[in-house]
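Enquirer: Using the hints, put the two chains back together into the complex; each one sits in its own frame.
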Amino acid sequence: EAQVTQNPRYLITVTGKKLTVTCSQNMNHEYMSWYRQDPGLGLRQIYYSMNDEVTDKGDVPEGYKVSRKEKRNFPLILESPSPNQTSLYFCASNRAGGSGYGYTFGSGTRLTV
Amino acid sequence: AQSVTQPDIHITVSEGASLELRCNYSYGATPYLFWYVQSPGQGLQLLLKYFSGDTLVQGIKGFEAEFKRSQSSFNLRKPSVHWSDAAEYFCAVGPQIDMRFGAGTRLTVKP
Numbered sequence: 001e002a003q004v005t006q007n008p009r010y011l012i013t014v015t016g017k018k019l020t021v022t023c024s025q026n027m028n029h030e031y032m033s034w035y036r037q038d039p040g041l042g043l044r045q046i047y048y049s050m051n052d053e054v055t056d057k058g059d060v061p062e063g064y065k066v067s068r069k070e071k072r073n074f075p076l077i078l079e080s081p082s083p084n085q086t087s088l089y090f091c092a093s094n095r096a097g098g099s100g101y102g103y104t105f106g107s108g109t110r111l112t113v
Numbered sequence: 001a002q003s004v005t006q007p008d009i010h011i012t013v014s015e016g017a018s019l020e021l022r023c024n025y026s027y028g029a030t031p032y033l034f035w036y037v038q039s040p041g042q043g044l045q046l047l048l049k050y051f052s053g054d055t056l057v058q059g060i061k062g063f064e065a066e067f068k069r070s071q072s073s074f075n076l077r078k079p080s081v082h083w084s085d086a087a088e089y090f091c092a093v094g095p096q097i098d099m100r101f102g103a104g105t106r107l108t109v110k111p
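One line per chain: the protein sequences are A and B, in this order.
When we follow the numbering used here, the leftmost residue of the first sequence carries the number 1, and every step to the right adds one.
When we follow the numbering used here, the leftmost residue of the second sequence carries the number 1, and every step to the right adds one.
Bear in mind the hints are in silico, worked out from the structure with no lab data behind them.
Hints may be right or wrong, so weigh each one.
So the derived label-pair ranges between C-beta atoms look like this [unchecked claim]:
#1 B:Ala-1 / A:Arg-9: 28 to 36 Å
#2 B:Ser-84 / A:Glu-1: 31 to 39 Å
#3 B:Arg-22 / A:Thr-15: 33 to 41 Å
#4 A:Asp-56 / B:Ser-52: 24 to 32 Å
#5 A:Asn-26 / B:Arg-22: 33 to 41 Å
#6 A:Arg-9 / B:Glu-64: 26 to 34 Å
Predicted, not measured: the structure shown is a model, and the values here were computed from it.
Built from N, CA and C at the ideal position, the CB exists for glycine as well.
The following block holds chain B by itself, in its conformation from the complex (with noise of 0.2 Å):
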């Protein structure tokens, strides 16, 4: 069965700074990964996702992330974090129906 672990529960960065918030799957066949970001009070967004080809993948506001099958991990990043990216980070893995999701990474952003 698939499953889906964020290693960090709370994350801090300064605005301006880079990020990596980290993911790590385990999934029997090539997998959908996927991630969100919630807002406070918001429902999920789909920041970006990965199902085949290029292993380095962009999504919305600056985000990136990158699959690599050998460590069995879809890590997302941004070079420079904005005080509006405060939020709750979550990974899932695919199929499509029935995605699992990661417990989530909080975000903050100090001034």
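Just chain A, same shape as in the assembly (with noise of 0.2 Å):
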């Protein structure tokens, strides 16, 4: 089945542990991207990534890092969470072309700090 698989779906943390959420697609997908939802703010992007080695700044990616060392993996790193960073996140990924293929979205993770 094609997915995109986020581990751990829940996580509670302390201020401070540096922690890492792992995603994964088996679609062999170019682009990806990390999102967070908070509520009345809708979706804004953390960190995308065009291909392998190749990685960009969202909207929002104070406090965030990220990796692309092969093309399935796309791991988000908090290094010093704090409680502002308690939220939803999304990871997603799509295809490269020029049809406008959506997003496939994992199933999110919830962090509390």
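Expert: See the structure below:
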């Protein structure tokens, strides 16, 4: 089954304790992104990646890191989490091309700091 | 820079009634436009998309949307709402890698 897999689904941590949220896709998609969803704000893009080793900042990158060492994986790293990073996080992947393919989303990770 | 406005935070309709969710966008070129639905506790599912061609696009679950360039709008419609349509709906504008989402419209369906 074609899908984007995020882990864990729920995560409770304390301020300053480094954590990683994993994301993997099995569709051979070139594009991958991380979004955070907050009430009244919709989804805001944190980072995106156009292919292996290529990443770029979205609208709200502060406090986050990503890596794209291989095409299928795109982990989100919070080196020193803070309470304002409590949110619902989504990983998504998309194929490159000119026909406007939409993102396929994972099931989300609810983080509480 | 692209942006999306969904003017209605919350809409309530009766089951069987028609539905229209509004979306206005700002984009400098021909936009990619999308509607997604999020059921409680779930991820986002793509309902439909527009890039070019016919301005009325059909999607899954009986939804359709109409692109109106002159009004910078991409409103979502359904002729008869079912209780299972209760969810949050997000409009988004492309490009594919750098999509911007609206704040969402929560739909409640009355029996």
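Enquirer: Please list, smallest to largest, the hint numbers that this structure does not respect.
Expert: Violated: hint 2 alone.
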